[in-house]
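Chemist: Protein chains in written order, with numbering that gives the first Met the number 0: chain A, 0 to 219; chain B, 0 to 66.
None of these hints come from the bench; they were simulated from the model. Check each hint, because a few of them may be wrong.
Simulated DEER-style distance windows between Cβ atoms [unchecked claim]:
hint : chain 1 : residue 1 : chain 2 : residue 2 : range
1    : A       : ALA122    : B       : THR65     : 34 to 42 angstroms
2    : A       : THR200    : B       : LYS12     : 34 to 42 angstroms
3    : A       : GLU138    : B       : GLY25     : 24 to 32 angstroms
A short list of chain A residues far from chain B (calculated; beta carbon distances all over 10 angstroms) [as the list claims (entries may be wrong)]:
hint : residue
4    : THR22
5    : SER28
6    : PRO112
7    : LEU124
8    : ARG143
9    : GLU214
To give a feel for the contact side, a few chain B residues facing chain A, derived at Cβ under 8 angstroms [unchecked claim]:
hint : residue
10   : ILE26
11   : MET28
12   : ASN30
In this text the structure is predicted, and so the values were computed from the model without any measurement. Note that CB positions come from ideal geometry on N, CA and C, so glycine has one too.
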Amino acid sequence: MKTKNQVTLIKSFYLILIFSIITYAFFISARNTSKKDRNEATKIEHYKVAVYEKEVQLVQKGQKNIQWVNKKNSDTLNLKNVTFVADAQLLNKKYKTVQTNFYKVVVDIALLPLFILMIYFFATLYNFIDSISKEKIFEFENYRRLKLMSYSIIALSIFDSIFQYGNFYSNRKIFANTPYEVVNTVEFDLISLFFGITLLTISFVFKKGIDLKKEQDLTI
Amino acid sequence: MPIIINLDVMLAKRKMSLTELSEKVGITMSNLSILKTGKAKAVRLETLASICEILNCQPGDILEFTP
């Protein structure tokens, strides 16, 4: 296949991918909104009941010593002088508005570097493909672009994971911060991290390719 | 690099210009210039044979090793 056709193919794939991502995000958003509306309409809080069943039952006002017993292996967990502000429903009624406003600002600020990194990644990718279409493949500038793309995608993955954890942390209820719940609930962006490291490896191979090309050019 | 290219000396001895040599050998002027200035990383045996044939000399006349 000729380079021009390859570039056209790659561009088409990227366009299809971007279109699919936007469509998918739109449907996910629509589904979540619909679910939220349905839950609010029926006054059923599935999430709270499913994950925090035990906490909802135990939560009381004031200080208390609590002992939890694991039913499978009879391990005990003692919590002394735990202060409960209110029960979960009361907490939501009292503090939800304040928390939402505060965390909304935090989430907005956290989204900004993600957005900038994504824009930077796509701009660099565009320049890279553009350079390939001009038959300038093994150039030092392309090696730099690949390296920066890999760094940006690794940073994107790390930022996204921090954002996801922050989002989970801000939305957590009382005692909802055990490692099991973090792993089970937070979606760490490991695929992007894997992709970034792979891209970094390719960039190092690309560097070797540039050296070989230089040597080939200087062979008479 | 300890290898010196004495192409310009041989060209002067044979009273031949670089353009003429490039036309006869079939190498571009830029490549021949790279060879003459010593920037070349490697020389193909085929190219060396052509240059020797045109200049009527031995490879040792063009290449010199100075430690």
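Chemist: Evaluate each hint against the coordinates.
Modeler: Now for the hints, and whether the structure bears them out:
no., hint, result
1, A:ALA122 with B:THR65: 34 to 42 angstroms, "51 angstroms, violated"
2, A:THR200 with B:LYS12: 34 to 42 angstroms, "53 angstroms, violated"
3, A:GLU138 with B:GLY25: 24 to 32 angstroms, "28 angstroms, holds"
4, THR22, "52 angstroms, holds"
5, SER28, "57 angstroms, holds"
6, PRO112, "44 angstroms, holds"
7, LEU124, "33 angstroms, holds"
8, ARG143, "23 angstroms, holds"
9, GLU214, "5 angstroms, violated"
10, ILE26, "7 angstroms, holds"
11, MET28, "12 angstroms, violated"
12, ASN30, "5 angstroms, holds"
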